[in-house]
Amino acid sequence: MTERSPAAPLPDLQDQGYAMPEQERFNPFRWALREPMGALGVVLIVLVVFGSFGAPILKTTNPRSLAAYSGDNLAGPSSEHFFGTDRDGKDVWSSVLYGGRISLKIGIATVIVGTIGGTMLALIAGFLGGVVDFVFSRIADILIAFPAILFALTLRTALGEDLPDLPGLPRAEFVVVLAISLIFLPAAFRIMRGTVLEQRAAQYVESATVVGASQLRIMLRHILPNITGLMIVLTSISLPAAILTESTLAFLLGAGDTPSWGAELSGDSRTFFVRAPWIAIFPGAALAVTVFAFNIFGDSLRDTLDPRLRGRI
Amino acid sequence: MRDRDNYWLRLQGRKTSRRGFLAGTGVAAAGSAAILAGCGDDDDDDDEAPAATAAATEAATEAPTEAPTQAAPAGPTRGGTYRSWKRTEDMGMDPAVFHTDNQEVVYQVYNHLLDFQVSKGTFSMDGAVGYEQVDESTLVWTMREGMQFHNGDPVTSEDVAFTIERPPGLLASLGATHVPASTYDYFDSIDPVDATHIQENWVGPRADALIHRSRQYFGIINKKLVLAQPDQTGQEHVRGMAAGPYILSERNAEGTHLVRNPDYYPHPNPDDGFVEDGPYIDEYDVRIVADNVTARSLLESGDLDAYGTVDALEAEGLEGNENVAVEGAPAGGWAVLGFDGGKWRDQRAREALRKAFNYQAFINSIHAGNARLQAPLTIINTRFQRLTQEDLAGYYNYDPEDARALWEAAKSDAASRGPDQEKYDSIYEYVDIHTIQGPAYLAISDFAATNLTEVLGTTFEVSSADIQTWVSAANDNTDDVKPWGLLQSGTGVGGGTDGAPDASYLSWFDPAQYGSVAFNFRHDSPHPEIAEGSAHVGEQMLAQTQELDHETRVQIITDLQRWILDRAWGIFTLPMAAESYLAVSSRLRDYGKDDWFNAYSGNNTPRREAAWLDQA
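Chains as they are written, first to last, in this note's numbering: chain A, 1 to 313; chain B, 1001 to 1616.
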């Protein structure tokens, strides 16, 4: 067996007098002018994130505190309660802002687990192929075959009692993250696997293989950077879907004592909608604005990162 | 023979109904020996009341009969289909096994010996025309003649005796039933004396036996047909098992449908709740509607005849709808956080919880500022309740600092007990408040979780389930600790009492009833203090129900309540609404709103044959 010599470092082309095209520096203002809807999305996302995580400094009362029970039930919007109060006398403004935390947190956690997890599995399956690819793909097929919401409901109910509390992610939230992630993971796997298969056949992979790069190195250092753009676009598109799914689960099952937009839209909102429409309107509007913001931002991001679409809009 | 009349007849005094009076005095006059020989007055002469004295006549005249808001018109307009709802499918139709989401059948398809009008304190005769309390431990029933089951089989005294004596056998064969043992554990024997008389022989006196017989468990059932079933129960209903005013014509995943029994027996000179030519309503259609909001929408659109209880805020929202009638009803209801006696063994922990609870904030937010403190025996059972709101305020006082100190002290002792006791001491780390799915239940549990977490510094979280899963969790005795930490039940709005103190929430504490089954406060508790306390509660519960002198009985009950409150024992009762409202269709008449909450209203169907629908 001949011993393979270590790959020689690639020569620096610039040192040899080749002129490299100057990389365009990202100018946010120019991007905003080119993608005004994307910029609007960013502004709204910043507002939502600031409102949710900066809630304590925005004239709110933590809905999970005893002080939240004001005793002023079903009061309309006023300077005291910007969005009115709910059936239990809780300030709707506070519930909306604090409810955004859970929606964003679960949305982001879900997308990280679902999209990044799906991408990693796709990388392994797509690159290694064979039995690994077959097994992973069939599992993904099975998971995708389940109706998404029903699957998430079942998982949330079945796993609810058995999961541990994680740092920053209590059991009640962890189970939702897991349930929604398992919806997104196979979808992300399917999309990313196709791209990995495409990249695996590319010449740069062949070159890396020829020079003796290990499989792990090829996957992580060569293929992964080339599919990162798609992964980011997938993430931005999945996030609003994840937030909506979380809200759907909270609407259907309730969110316990955790404020959540979906839960706010359930229960008393429906009972008192005619008498106190603010209970439903404001959480619903917050949810709609957030999903809209992430959607238009995701669209713009896709246009920006996908060279085939660049400049079309 | 010490007393020929019954405990409840004496307690009712001038409220004795004419039928009850005739039963109690007329039959007694015939002499117990003759009765025992089966030759006594069968008291089924319903045409006149020759024995009635002037006083009795006065009593009958004054016996408050709920006046219909509008007189029932003659003719077919009395009929029509009553539309109701329930949340889930039944768990079987046998009245002596379960009473979860099958009450419309238990009350409308089955008949009972008698009914008890709690608000008036009067008994209404139904399958029986009379009874005699021969002595403290002997009761003789006189059956109504001419009753027949829905398949044409005659209702015999053997069927009635079988109905009464069934629960212990069911308990043995099924392992569990919803029938509290206290309603039958005093039986010695039950024998049909002749074709129309049944004699109950008890091991001792039992003050509330008549009320027990009016309960849903004792729906008269066809012995022959039940024993022919593979499981020897009426869980799978077969036509002919019951003899009540309606026949079960449909039962599926969408609900149940009942049609009028064409061969139903008449009630000449009927007592309150019954009518001579009733029932007035032709059919009952009970649909399964999973959530309240949908059911409420059906009521508002005129597609439902009873929604049930609403609180003051909801009542305001329904006012002005021409399809809906919102009526104030006697305030009742319970809302509790039941302790798991396996975990809440330390009295300091239970007291800590009681002191940690912010009652005023709870009343303001959950009951819109209008509520009263509840007691171990419901405060609406005024015949037996002597504790005042001032008395109760001495126990239910918010003191977060004291609460935290008590909690920490209990927690510190728990920490020193070692890992083998871990499952009994888990409450100091985490408490699961288990409740039923529904906005009102969740609002209460969420408040409790927020309040207790904040004050005690331990995480209290809410979990919820549909009612059948919740019932299973409540009765889960696979281990000596429950799968939950606190069991939340009731909303504090609606709900009532069947009049007997042992079933007016004291049953929650009784180790012979829910105290043991649901809350682990039992004689065989692994914790000596819980076992000893349970024995005491059991003894006192028995003593009060065997005591036939009312004042003595009230004293026993009052002492028992104080004992419970001193130790924060069993369950933690939350304040209840000071006002209750019923939301029904505007066409429903004479449905007995004063007793709607009492002794169940049968999945929003009135246990009242006088109810009718104004279809004008």
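The set of hints was computed from the structure by calculation and includes no laboratory data. Misleading hints may appear alongside valid ones.
[Said to hold, decoys possible] Partial chain B-side listing against chain A, Cβ under 7 Å, derived: (1) Ala-1290; (2) Val-1293; (3) Ala-1312; (4) Asn-1321; (5) Asn-1323; (6) Ser-1365; (7) Ala-1368; (8) Ala-1443; (9) Asn-1451; (10) Glu-1454; (11) Gly-1457; (12) Thr-1458.
[What the hints assert, rightly or not] Distance windows between CB atoms, simulated: (13) A/Pro-164 / B/Asp-1399: 33 to 41 Å; (14) A/Ser-214 / B/Pro-1526: 55 to 63 Å; (15) A/Ala-285 / B/Pro-1262: 42 to 50 Å; (16) A/Pro-164 / B/Glu-1322: 26 to 34 Å; (17) B/Arg-1386 / A/Gly-71: 50 to 58 Å; (18) A/Ala-201 / B/Ser-1297: 53 to 61 Å; (19) B/Asp-1291 / A/Phe-146: 21 to 29 Å; (20) A/Gly-71 / B/Val-1238: 53 to 61 Å; (21) B/Asp-1194 / A/Leu-153: 55 to 63 Å; (22) A/Leu-153 / B/Ala-1543: 29 to 37 Å; (23) B/Arg-1562 / A/Pro-170: 38 to 46 Å; (24) A/Arg-190 / B/Gly-1320: 50 to 58 Å.
Note that CB positions come from ideal geometry on N, CA and C, so glycine has one too.
Now the hints, each set against the structure:
1. Ala-1290: Given a least distance of 11 Å, the restraint on B/Ala-1290 is violated.
2. Val-1293: Holds, because the Cβ-Cβ distance from B/Val-1293 to chain A comes to roughly 4 Å (cut-off 7 Å).
3. Ala-1312: violated (10 Å)
4. Asn-1321: Interface hint status for B/Asn-1321: violated (10 Å vs cutoff 7 Å).
5. Asn-1323: Nearest chain A Cβ about 15 Å off; hint violated.
6. Ser-1365: With a minimum Cβ separation of about 4 Å from chain A (threshold 7 Å), the hint on B/Ser-1365 holds.
7. Ala-1368: For B/Ala-1368, the interface hint holds, since the closest Cβ of chain A sits about 5 Å away, which is under 7 Å.
8. Ala-1443: holds (6 Å)
9. Asn-1451: holds (5 Å)
10. Glu-1454: Nearest chain A Cβ about 5 Å off; hint holds.
11. Gly-1457: For B/Gly-1457, the interface hint is violated, since the closest Cβ of chain A sits about 13 Å away, which is over 7 Å.
12. Thr-1458: violated (13 Å)
13. A/Pro-164 / B/Asp-1399: 33 to 41 Å: 34 Å Cβ-Cβ, so the 33 to 41 Å window holds.
14. A/Ser-214 / B/Pro-1526: 55 to 63 Å: For A/Ser-214 and B/Pro-1526 the Cβ distance comes to about 60 Å; the hint holds.
15. A/Ala-285 / B/Pro-1262: 42 to 50 Å: For B/Pro-1262 against A/Ala-285, whose Cβ atoms are near 58 Å apart, the range 42 to 50 Å is violated.
16. A/Pro-164 / B/Glu-1322: 26 to 34 Å: violated (55 Å)
17. B/Arg-1386 / A/Gly-71: 50 to 58 Å: violated (31 Å)
18. A/Ala-201 / B/Ser-1297: 53 to 61 Å: Distance hint for A/Ala-201, B/Ser-1297 holds at roughly 58 Å.
19. B/Asp-1291 / A/Phe-146: 21 to 29 Å: holds (24 Å)
20. A/Gly-71 / B/Val-1238: 53 to 61 Å: At roughly 54 Å between Cβ atoms, B/Val-1238 and A/Gly-71 fall inside 53 to 61 Å, so the hint holds.
21. B/Asp-1194 / A/Leu-153: 55 to 63 Å: holds (60 Å)
22. A/Leu-153 / B/Ala-1543: 29 to 37 Å: Roughly 50 Å apart at Cβ, these two residues miss the hinted range, so it is violated.
23. B/Arg-1562 / A/Pro-170: 38 to 46 Å: holds (40 Å)
24. A/Arg-190 / B/Gly-1320: 50 to 58 Å: holds (55 Å)
The structure fails hints 1, 3, 4, 5, 11, 12, 15, 16, 17, 22 (numbered hints given earlier, in ascending order).
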